[in-house]
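Residue numbers (the working numbering), protein chains in the order written: chain S, 85 to 473; chain Y, 218 to 521.
Careful, some of the hints might be misleading.
To be verified - Think about it this way: if two alpha-carbon atoms lie no more than 27 Å apart in a straight line, the pair counts; the simulated DSSO-like pairs of lysine-lysine are:
| # | chain 1 | residue 1 | chain 2 | residue 2 |
| --- | --- | --- | --- | --- |
| 1 | S | Lys241 | Y | Lys336 |
| 2 | S | Lys241 | S | Lys278 |
| 3 | S | Lys239 | Y | Lys286 |
| 4 | Y | Lys518 | S | Lys241 |
| 5 | Y | Lys438 | S | Lys239 |
To be verified - With beta-carbon atoms standing in for the labels, derived distance ranges:
| # | chain 1 | residue 1 | chain 2 | residue 2 | range |
| --- | --- | --- | --- | --- | --- |
| 6 | Y | Trp338 | S | Lys322 | 52 to 62 Å |
| 7 | Y | Trp338 | S | Pro148 | 30 to 40 Å |
| 8 | Y | Val380 | S | Arg240 | 28 to 38 Å |
If you are wondering where the hints come from, they were derived from the structure by calculation, not from laboratory data.
In this text, a Cβ means the ideal position worked out from N, Cα and C, and glycines have one as well.
So the chains spell out like this:
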Amino acid sequence: MAGKSLSTGKSLGPIRRAFAPWNDPAAKPFIQFQNVTKSFGDFTAVDDLSLNIYEREFFALLGPSGCGKTTLMRMIAGFEEPTSGHVMLDGQDLVGVPPYRRPTNMMFQSYALFPHMNVWDNIAFGLKQDGMPKADIATRVDEMLALVKLEKFAKRKPHQLSGGQKQRVALARSLAKKPKVLLLDEPLGALDKKLREETQFELIDLQVKLGMTFVIVTHDQEEAMTVADRIAVMDQGKIVQIATPAEIYEQPNSRYVADFIGDINLLEGHISSTEGGVTTLDCDGTGAKVQVNQDGGAKLGDRAWFAVRPEKVAISLSPPVDPSVNAVTGEVWDIAYLGDVSIYHVRLATGATVKATITNTTRLVERPITWDDKVWLTWSGDGGVVLTR
Amino acid sequence: MALTNSSSGHSRLRWLVVAIPYLWLILLFLAPFLIVVKISLSATAIAMPPYQPALDFSAGLGVLWQQLKELSFDNYVFLTEDALYWESYLSSLKIALISTFLILIIGYPIAYGMARARKEWRTTLLMLVILPFWTSFLIRVYAWIGILKPEGLLNQLLLSVGVISEPLNIMPSTLAVYIGIVYSYLPFMILPLYATLEKLDETLLEAAADLGCPPIQAFWKITFPLSLPGVIAGCFLVFIPAVGEFVIPDLLGGSDTLMIGKTLWAEFFSNRDWPVSSAVAVVLLAILVIPIMLFQNAQKKASE
Numbered sequence: 085m086a087g088k089s090l091s092t093g094k095s096l097g098p099i100r101r102a103f104a105p106w107n108d109p110a111a112k113p114f115i116q117f118q119n120v121t122k123s124f125g126d127f128t129a130v131d132d133l134s135l136n137i138y139e140r141e142f143f144a145l146l147g148p149s150g151c152g153k154t155t156l157m158r159m160i161a162g163f164e165e166p167t168s169g170h171v172m173l174d175g176q177d178l179v180g181v182p183p184y185r186r187p188t189n190m191m192f193q194s195y196a197l198f199p200h201m202n203v204w205d206n207i208a209f210g211l212k213q214d215g216m217p218k219a220d221i222a223t224r225v226d227e228m229l230a231l232v233k234l235e236k237f238a239k240r241k242p243h244q245l246s247g248g249q250k251q252r253v254a255l256a257r258s259l260a261k262k263p264k265v266l267l268l269d270e271p272l273g274a275l276d277k278k279l280r281e282e283t284q285f286e287l288i289d290l291q292v293k294l295g296m297t298f299v300i301v302t303h304d305q306e307e308a309m310t311v312a313d314r315i316a317v318m319d320q321g322k323i324v325q326i327a328t329p330a331e332i333y334e335q336p337n338s339r340y341v342a343d344f345i346g347d348i349n350l351l352e353g354h355i356s357s358t359e360g361g362v363t364t365l366d367c368d369g370t371g372a373k374v375q376v377n378q379d380g381g382a383k384l385g386d387r388a389w390f391a392v393r394p395e396k397v398a399i400s401l402s403p404p405v406d407p408s409v410n411a412v413t414g415e416v417w418d419i420a421y422l423g424d425v426s427i428y429h430v431r432l433a434t435g436a437t438v439k440a441t442i443t444n445t446t447r448l449v450e451r452p453i454t455w456d457d458k459v460w461l462t463w464s465g466d467g468g469v470v471l472t473r
Numbered sequence: 218m219a220l221t222n223s224s225s226g227h228s229r230l231r232w233l234v235v236a237i238p239y240l241w242l243i244l245l246f247l248a249p250f251l252i253v254v255k256i257s258l259s260a261t262a263i264a265m266p267p268y269q270p271a272l273d274f275s276a277g278l279g280v281l282w283q284q285l286k287e288l289s290f291d292n293y294v295f296l297t298e299d300a301l302y303w304e305s306y307l308s309s310l311k312i313a314l315i316s317t318f319l320i321l322i323i324g325y326p327i328a329y330g331m332a333r334a335r336k337e338w339r340t341t342l343l344m345l346v347i348l349p350f351w352t353s354f355l356i357r358v359y360a361w362i363g364i365l366k367p368e369g370l371l372n373q374l375l376l377s378v379g380v381i382s383e384p385l386n387i388m389p390s391t392l393a394v395y396i397g398i399v400y401s402y403l404p405f406m407i408l409p410l411y412a413t414l415e416k417l418d419e420t421l422l423e424a425a426a427d428l429g430c431p432p433i434q435a436f437w438k439i440t441f442p443l444s445l446p447g448v449i450a451g452c453f454l455v456f457i458p459a460v461g462e463f464v465i466p467d468l469l470g471g472s473d474t475l476m477i478g479k480t481l482w483a484e485f486f487s488n489r490d491w492p493v494s495s496a497v498a499v500v501l502l503a504i505l506v507i508p509i510m511l512f513q514n515a516q517k518k519a520s521e
C-alpha cells in the first residue's frame with residue numbers, strides 16, 4: 085500500500101509513483117458514473133454501476149467479453165446512452181450529448197481509419213471538423229505524425245500500412261484534438277506480443293507526457309497491469325473490485341478477481357479463529373490449518389477460501405518445522421518447465437491440485453524434485469489472503 | 218516421364234479453363250459484332266438478305282483484296298447527313314442520363330435503408346427488389362400502359378379522389394418513358410449499391426462522429442465516397458442498356474420520343490435497310506464503349 089500521499093512535485097517520475105487522487109477525499113472525480121444501468125432488451129450490460137475516474141489517471145476496465153466494459157466506455161464516448169443514471173465529465177452531465185459534441189476521443193479496436201483518406205487526412209479529419217485554420221491544422225498534424233514517428237507515411241493510404249503503423253495512425257488521430265479523455269478500446273489486441281509490449285510502455289510515456297486522462301478497455305490482464313494506475317475488474321455488468329494493479333494482484337477481494345488476474349490456488353474451509361489480527365482457516369478434507377495475517381474480511385464460522393499465488397508457495401522434500409500450520413503435503417503430479425520458471429502441480433490427498441512456481445536460478449540439469457515425489461508445500465502468513473466470496 | 222506427362226496435362230487443363238471465357242466472348246460477342254460491321258459496310262439491295270455483301274470470302278484472295286480497297290463508309294457518312302440519327306443519339310443519351318440520375322436518387326436511399334435494416338430483414342428486402350424479375354419485362358411494361366393510359370388506373374384513382382377533373386395525358390409521352398425506364402432499371406442500381414453499402418464498416422461512422430462529425434456530414438464525407446464503386450457500377454448497369462432501350466419508348470413513348478433503339482428498329486424492319494441500321498448499331502456501341510474505356514483507364518491511373 086505504498087504511495088498514498090498526493091505529491092505536488094514537478095518532475096514526472098515521482099508524480100507518477102505518488103499519484104493516487106482516489107485516496108484523497110478532497111479530490112474531484114473527472115469522470116463519474118452515478119448508478120448507471122444500461123439494458124439491451126432483456127440483457128443488462130451495465131447494472132447500477134457507480135465509478136469515479138480522476139484527471140490524469142490511466143484507468144483500465146478489465147473483464148471477460150460480455151462483462152459490460154465496452155458498453156461502459158461507449159457511454160463515455162456517447163455511442164450508447166444509459167438506460168438510467170448519469171455519466172458526468174468534468175462536472176458536466178453527458179447524457180443526451182451526441183458523440184460529435186463530446187470532448188472525448190476514442191481509439192477503436194479495429195482502428196476505423198478512413199480507407200479513402202491518406203494518413204495525413206485521417207489525422208486532420210477531426211481538426212477540420214472543428215473549423216481550425218488550415219495553417220494550424222498542418223502544424224498540429226505534423227506534430228502528431230512526429231509524436232507517433234510516422235512523418236514518412238503521411239501520404240500513404242491505410243491499406244498500405246502495417247498493423248503497427250495503423251495503430252499509430254489511429255492513436256495520432258484520436259489525440260489530435262487534445263481530448264479531455266482518450267478512450268482506448270482494446271487498442272493493442274491486433275498486434276503481436278512483442279510489439280504489444282513495446283507499445284504498452286509507449287502508451288504510458290505518452291499519457292504522462294500529455295497529462296491526459298486515459299481509459300482503456302482490455303481483456304488482457306497483463307496489459308491492464310502494465311499500463312494502468314487503477315484497474316476495475318468487471319463481471320456481468322458490475323464492478324467487482326477497483327484498485328491499483330498491485331492491490332488487485334496481492335489483495336483480491338473475491339475468488340473471481342483472484343482467478344481472473346494471474347494464477348491462483350484456492351483452499352476451501354471454514355474460519356476457526358479471527359483473534360489477534362490473525363485469521364485461521366481449517367481446510368476441508370486435509371484438515372490443514374491456514375493462518376493468515378489478516379484482520380477482518382471474515383467472521384468466525386464463515387465458509388472461506390484461502391487464496392495464494394503459486395510463486396508464494398515453497399516446495400520442499402522435507403517437512404517444515406511446524407507441519408500443522410501453513411503447510412500441506414502431496415505428490416508431484418505434473419511439472420511444467422517454462423524456461424525461466426517451473427510450475428509444480430502437486431496433488432493433495434483430497435484430490436485438489438496446488439501449484440507452486442519455482443524460479444530456475446541455475447541451469448536445469450537434473451530436477452531435485454521430480455514426478456511422484458512426496459513433497460511439502462508451505463507459505464508465510466503474508467503469502468495469501470482469506471476470501472469469503 | 219509420368220510426371221512431365223501429368224504436368225503437361227495439368228497445364229492443358231489450365232489453358233482450357235482460361236480459354237473458355239475468351240471463347241465465349243469470341244463466339245457470342247466478337248463474331249456477331251464483326252458480322253454487323255461487315256453488313257454496315259455493304260450496300261442495300263432487294264435480295265435475301267437485303268444487302269449486297271461488300272466482302273466475298275469465297276472468291277479468293279485477289280478479289281477480296283480488291284473489295285477491301287473499294288470498301289465504302291457511305292452508310293456512316295449517311296448517318297451524319299440525316300439529322301434524324303444524331304438527334305436520336307442525343308435524345309437517347311439525354312433520356313438515359315436523366316433516367317440514370319433519377320434512378321440513383323431513388324435507388325440510393327432504398328439501398329441505404331436495406332443495408333441498414335436489421336440483419337434478419339435484409340434477405341427479405343433483397344428478395345423484394347429481385348421479385349419483379351420473375352415477371353417478364355414485357356408484361357411489366359405493358360402493365361404500365363394499364364396504369365398510365367388516359368382511362369388507366371392512375372387517372373381513375375386521381376379522378377375519383379378529386380385531385381384532377383380531366384384525365385392526365387401521361388401516356389404516350391416522354392414522361393411515361395422516364396417512368397418506365399426508372400421502374401424497370403431501378404433494381405440494377407439498387408443491387409450494386411446495396412452490395413457496397415452493406416460492406417461499409419459502421420465503426421467508420423462512429424469514428425467520424427467521435428471526431429466531431431454530425432451524421433449528415435458523415436454521410437457525404439464517409440459513406441458516399443466509400444460507396445462510389447457501387448454508384449459507378451449501378452450507373453453503368455442502368456445507363457448502357459437505357460441508351461439502347463427500345464421496348465419502353467416503343468410502348469410508352471409518343472411519336473415525339475426520339476430514341477436510337479426505335480430509330481434502329483424502324484431502319485431495320487420498316488425500311489429493311491440492314492447496312493444503315495448496322496452502322497447505327499456500330500456507332501452506338503462506339504459511343505458507349507469508348508468513354509467507358511477512357512473512364513476505366515483514368516480510374517486505374519488514379520488508384521495507382
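Just tell me: holds or violated, for the beta carbon distance of Trp338(Y) and Lys322(S) against 52 to 62 Å? Roughly 34 Å apart at Cβ, these two residues miss the hinted range, so it is violated.
Check the hint pairing Lys241(S) with Lys278(S) against an upper bound of 27 Å on the C-alpha distance. holds, 25 Å
Is Lys518(Y) close enough to Lys241(S), meaning Cα to Cα at most 27 Å? holds, 16 Å
Mind checking the alpha carbons of Lys239(S) and Lys286(Y) for me, to see if they're no more than 27 Å apart? Answer violated: Lys239(S) to Lys286(Y) is near 56 Å, above 27 Å.
Assuming the hint says 28 to 38 Å, is it satisfied by the Cβ distance from Val380(Y) to Arg240(S) or not? violated, 59 Å
Range first: 30 to 40 Å. Now tell me if the beta carbons of Trp338(Y) and Pro148(S) are that far apart. Given about 31 Å between the Cβ atoms, the range holds.
Run the distance test for Lys241(S) versus Lys336(Y): straight-line Cα separation, threshold 27 Å. The given pair, whose Cα atoms are some 31 Å apart, is violated under the 27 Å limit.
Between Lys438(Y) and Lys239(S), is the straight-line Cα distance small enough, at 27 Å or below? Roughly 18 Å between the alpha carbons, so the hint for Lys438(Y) and Lys239(S) holds.
Consistency with the previously given hints fails for numbers 1, 3, 6, 8, ordered from lowest to highest.
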